Structures are given as C-alpha cells and as structure tokens.
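Engineer: Line order of the protein sequences matches chains G and E. Residue 1 is where the first sequence starts when you use the numbering used here, and the numbers rise one by one after that. Residue 173 is where the second sequence starts when you use the numbering used here, and the numbers rise one by one after that.
Simulated from the structure, these hints should not be mistaken for lab results. Predicted model only: the values in this text are computed from it and were never measured. For every residue, glycine included, the Cβ atom is placed at its ideal position computed from N, Cα and C. Watch out, some of these pointers could steer you wrong.
[Claimed, not checked] The calculated lysine-lysine pairs, modelled on DSBU-like cross-linking and capped at a C-alpha distance of 30 angstroms, are: (1) G/12 <-> E/243; (2) E/243 <-> E/206; (3) E/206 <-> E/184; (4) E/243 <-> G/101; (5) G/153 <-> E/206; (6) G/107 <-> G/153; (7) E/206 <-> E/241; (8) G/12 <-> G/107; (9) E/304 <-> G/101; (10) E/241 <-> G/12; (11) E/281 <-> G/153; (12) E/304 <-> G/153; (13) G/101 <-> E/349; (14) G/137 <-> E/281; (15) G/12 <-> E/304; (16) E/184 <-> G/12; (17) E/184 <-> G/153; (18) G/101 <-> E/206; (19) E/241 <-> G/101; (20) E/281 <-> G/154; (21) G/101 <-> G/153; (22) E/349 <-> G/107; (23) E/184 <-> E/243; (24) E/349 <-> E/304; (25) G/154 <-> E/304; (26) E/304 <-> G/107; (27) E/184 <-> E/241; (28) E/184 <-> G/101; (29) G/101 <-> G/154; (30) G/137 <-> G/154; (31) G/154 <-> E/206; (32) G/107 <-> E/241; (33) G/12 <-> G/101; (34) G/154 <-> E/184; (35) G/153 <-> G/137.
[Stated by the list, open to error] Sample of chain E residues lacking proximity to chain G, with all beta carbon distances greater than 10 angstroms (derived): (36) 177; (37) 179; (38) 198; (39) 201; (40) 205.
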Amino acid sequence: MLLLNLFWEFFKTGLFAIGGGMATVPFLFRMGENTGWFNAQMLADMIAVSESTPGPIGVNMATYVGFTVAQIPGAIVATLGLVAPSIIIILLISVFLSNFKDYPVVKTVLTVLRALVIGLLFFAFYQIATIALVDVKTYIMFAVFVVLALVLKKVHPIVWILLGAVLGLLLL
Amino acid sequence: MIYLQLFLAFAKVGVMTFGGGMAMLPMLQREIVKNRGWATDEEMLDYYAIGQCTPGIIAVNTATFVGYKQKGVPGAVVATLGIIFPSIVIITVLAGVLTMFSSNPYVQKAFAGIRIAVSAQILVSVYRLARKAIVNVNTAVVAVAGFVLQILLGVSPILITACAIAYGLFLYFIGRKNDAAA
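The whole structure should be built from the sequences, with the hints applied where relevant.
Structural biologist: This is the structure in structure tokens:
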C-alpha cells in the first residue's frame with residue numbers, strides 16, 4: 001500500500017510540475033505535509049544533495065524521497081512514478097502532435113504557467129528560508145550567497161553548496 | 173543491441189551531468205547528436221522546447237523523444253530508464269550513508285550552512301525566472317496569486333496549477349473571440 005501511495009504521489013507531481021527540476025519542489029513540500037513522510041528541513045537537505053550529485057535534480061529528488069520513505073523499492077517506485085506521466089505525454093505528442101509547442105493555445109497557457117511557477121517556487125523558498133535563517137549570522141550568510149550567485153552567474157550550484165557546508169562547519 | 177545502446181548512452185548522460193535541465197543540453201548534444209547521430213541539433217532544441225512546456229523533467233522528456241524516434245515505445249522506455257538509472261544508484265547509496273551520519277554534530281552544522289546556500293539559490297532562480305516570465309500585469313497577478321493562495325489559504329499546488337491552466341484557456345478563447353469581433 002505504501003509503495004502504491006508513493007507511486008501515486010509522484011505520478012501527480014510528474015503530471016503537474018511543468019518546467020523541469022526545481023518546479024517539482026513546491027509539490028514535494030505539499031506531499032511532505034500531507035503524508036508526513038518527511039518535513040521541510042529534510043526536504044531542504046534532499047534538494048542540496050540532489051543538486052550536488054549527477055543526474056537531473058527532479059529525478060534525484062524522487063529517488064531520495066522514495067528511499068527515505070521505503071528504502072530501495074521506494075526509491076525505484078517514486079522515480080518511476082515521477083517519469084510515468086512524462087513518458088505517456090511525450091509519446092502522445094510524438095505520435096499525434098509534432099507541432100505541439102506552436103499551437104497558440106499552448107503558448108497562452110504556458111505564459112500563465114511560467115508566471116505561476118514563480119509564485120509556487122517563492123513559497124517553497126519561504127518555507128526553506130524559515131528553517132535555514134534563524135539569527136543575524138545566518139541572515140548575513142544568506143545575503144552574501146544571494147549577492148555571490150547574482151554576480152557570479154557561471155559558477156555551478158555545487159560550489160555554493162560546498163561553500164555552505166564549509167561556512168556551516170566554521171561559523172554555525 | 174540498439175536497446176542496450178540507448179540505455180547506455182542515456183545512462184552516460186545521466187552520470188556526466190550535474191543539475192539536469194539546461195546543464196544537460198551540451199552533454200546530450202555531444203552524446204546523442206555527435207557521437208551517436210540519433211538526432212540533429214535542431215531536433216534536440218525542439219525536444220528541449222517541448223520538454224519545457226510539458227509536465228515532467230526536461231531531460232527525461234528528451235530521452236523519451238529520442239528513444240521513441242529510434243525504436244518506438246520500447247525504445248522510449250529503455251532510454252528513459254537509462255537516464256534515471258544512475259540517479260537511482262547514486263542517490264540510494266548516498267541517502268543510506270547520510271542517514272547513518274545525520275545525527276553527527278559536524279554533519280548537522282554542514283547541512284545548516286548548506287540550507288542557507290540552497291535558500292539563496294532558490295531565491296536567485298525565482299528572480300531569474302521572474303525576469304523572463306513576468307511580462308505584464310496579468311502574469312504578475314498570476315505569480316502573486318500562486319504565492320498568496322498557498323501561504324494564506326493553503327491551497328495545494330496541484331489545484332492551483334489546474335486553475336492556472338483553466339485561466340490560460342479562458343484567456344485564449346477570450347482573445348480569439350475579440351479577434352473575431354474585430
């Protein structure tokens with residue numbers, strides 16, 4: 001039953017998260033709240049690990065959450081659940097709608113969805129920030145990271161995560 | 173044999189890229205377009221464009237496209253399994269190790285620092301996305317509504333997304349009606 005639930009929860013995430021990796025984060029927050037499988041702090045750590053390891057972030061997150069909930073079978077089932085809607089939808093598009101992205105109706109709906117992702121992701125940020133930012137020291141570190149990421153655009157996220165780990169060991 | 177090749181090619185792309193999404197495009201171009209000749213550069217960009225506007229992970233959607241083009245539905249499934257295989261192995265091992273050490277005070281300090289870095293990254297990606305996606309009052313209202321509906325009313329992101337799709341369809345048909353009237 002747990003594995004079936006896991007598959008279904010990730011199937012829904014795969015179906016509604018449009019725009020790739022980070023777009024799954026708001027759905028995972030809600031999943032944790034609804035099922036009690038993990039809390040926001042655990043999810044923040046999973047995002048960090050998923051960003052620092054090979055593979056697509058969304059897939060890594062599903063594997064990690066699945067493993068946390070039900071070990072290796074959970075990791076496999078959650079990941080398959082996440083990709084199942086993609087496979088079905090992409091196959092349908094391959095077979096029937098080769099010019100899918102050029103339909104005016106698709107363009108209009110996407111304009112709305114791209115704007116929506118910003119609101120959803122900002123809420124995910126708010127939830128992680130409430131856990132991560134607890135005192136003046138952490139606020140200052142946060143400000144430094146934001147400025148660094150804005151100025152040094154080409155630097156890979158893994159560098160910031162390693163720097164975060166080092167600063168955490170030294171200062172927190 | 174082609175199935176094994178599909179699986180291995182996408183597993184290789186999965187192992188060699190950190191971050192997915194856009195970070196994966198150069199690797200896919202090298203492995204799928206240049207080394208294997210399974211798609212042209214133009215096709216790859218098309219797959220990416222469609223991957224961004226369909227549900228799911230962009231890299232996975234691209235794997236499904238290429239696999240389908242080579243060997244139909246079984247090819248699509250094999251290519252997709254290839255791209256998720258390294259993640260399953262690596263994350264499972266790492267998750268097991270991290271769970272063992274999660275109560276270690278040094279690991280906790282490191283992750284407290286990492287969470288700050290992750291918060292900053294998410295805020296910066298929100299900002300970058302917003303610069304492209306917030307193009308007028310309408311899109312600004314949608315973004316604010318997405319945040320407010322969650323924080324004040326606790327509406328689930330799935331329901332919000334469904335409503336946004338309905339709103340997009342509404343805008344499209346209103347626009348067409350106005351065009352017809354004019």
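Engineer: Run every hint past the structure and note whether it holds.
Structural biologist: Results of checking the hints against the structure:
1. G/12 <-> E/243: 28 angstroms, holds
2. E/243 <-> E/206: This hinted pair holds, its Cα atoms lying about 19 angstroms apart.
3. E/206 <-> E/184: Holds: residue 206 of chain E and residue 184 of chain E sit about 14 angstroms apart, inside 30 angstroms.
4. E/243 <-> G/101: Holds, at about 23 angstroms.
5. G/153 <-> E/206: Holds, because 28 angstroms separates the two Cα atoms, which is no more than 30 angstroms.
6. G/107 <-> G/153: 28 angstroms, holds
7. E/206 <-> E/241: 16 angstroms, holds
8. G/12 <-> G/107: 23 angstroms, holds
9. E/304 <-> G/101: 18 angstroms, holds
10. E/241 <-> G/12: The hint holds at about 26 angstroms.
11. E/281 <-> G/153: Answer holds: residue 281 of chain E to residue 153 of chain G is near 27 angstroms, not above 30 angstroms.
12. E/304 <-> G/153: 16 angstroms, holds
13. G/101 <-> E/349: Holds, because 22 angstroms separates the two Cα atoms, which is no more than 30 angstroms.
14. G/137 <-> E/281: 13 angstroms, holds
15. G/12 <-> E/304: 27 angstroms, holds
16. E/184 <-> G/12: 28 angstroms, holds
17. E/184 <-> G/153: 26 angstroms, holds
18. G/101 <-> E/206: 25 angstroms, holds
19. E/241 <-> G/101: 18 angstroms, holds
20. E/281 <-> G/154: 27 angstroms, holds
21. G/101 <-> G/153: It holds: about 29 angstroms lies between the C-alpha atoms, which stays within 30 angstroms.
22. E/349 <-> G/107: 17 angstroms, holds
23. E/184 <-> E/243: With a Cα-Cα distance of about 19 angstroms, the restraint between residue 184 of chain E and residue 243 of chain E holds, given a limit of 30 angstroms.
24. E/349 <-> E/304: Roughly 28 angstroms between the alpha carbons, so the hint for residue 349 of chain E and residue 304 of chain E holds.
25. G/154 <-> E/304: 18 angstroms, holds
26. E/304 <-> G/107: 14 angstroms, holds
27. E/184 <-> E/241: 19 angstroms, holds
28. E/184 <-> G/101: 28 angstroms, holds
29. G/101 <-> G/154: Holds: residue 101 of chain G and residue 154 of chain G sit about 29 angstroms apart, inside 30 angstroms.
30. G/137 <-> G/154: 27 angstroms, holds
31. G/154 <-> E/206: Judged against 30 angstroms, a Cα distance of about 25 angstroms means the pair holds.
32. G/107 <-> E/241: 25 angstroms, holds
33. G/12 <-> G/101: 22 angstroms, holds
34. G/154 <-> E/184: 23 angstroms, holds
35. G/153 <-> G/137: Holds - the C-alpha atoms of residue 137 of chain G and residue 153 of chain G are around 24 angstroms apart, at most 30 angstroms.
36. 177: Non-interface label stands for residue 177 of chain E: nearest chain G Cβ at 19 angstroms, farther than 10 angstroms.
37. 179: 14 angstroms, holds
38. 198: 13 angstroms, holds
39. 201: 16 angstroms, holds
40. 205: For residue 205 of chain E, whose nearest Cβ neighbour in chain G is about 18 angstroms away, the distance exceeds 10 angstroms, so it holds.
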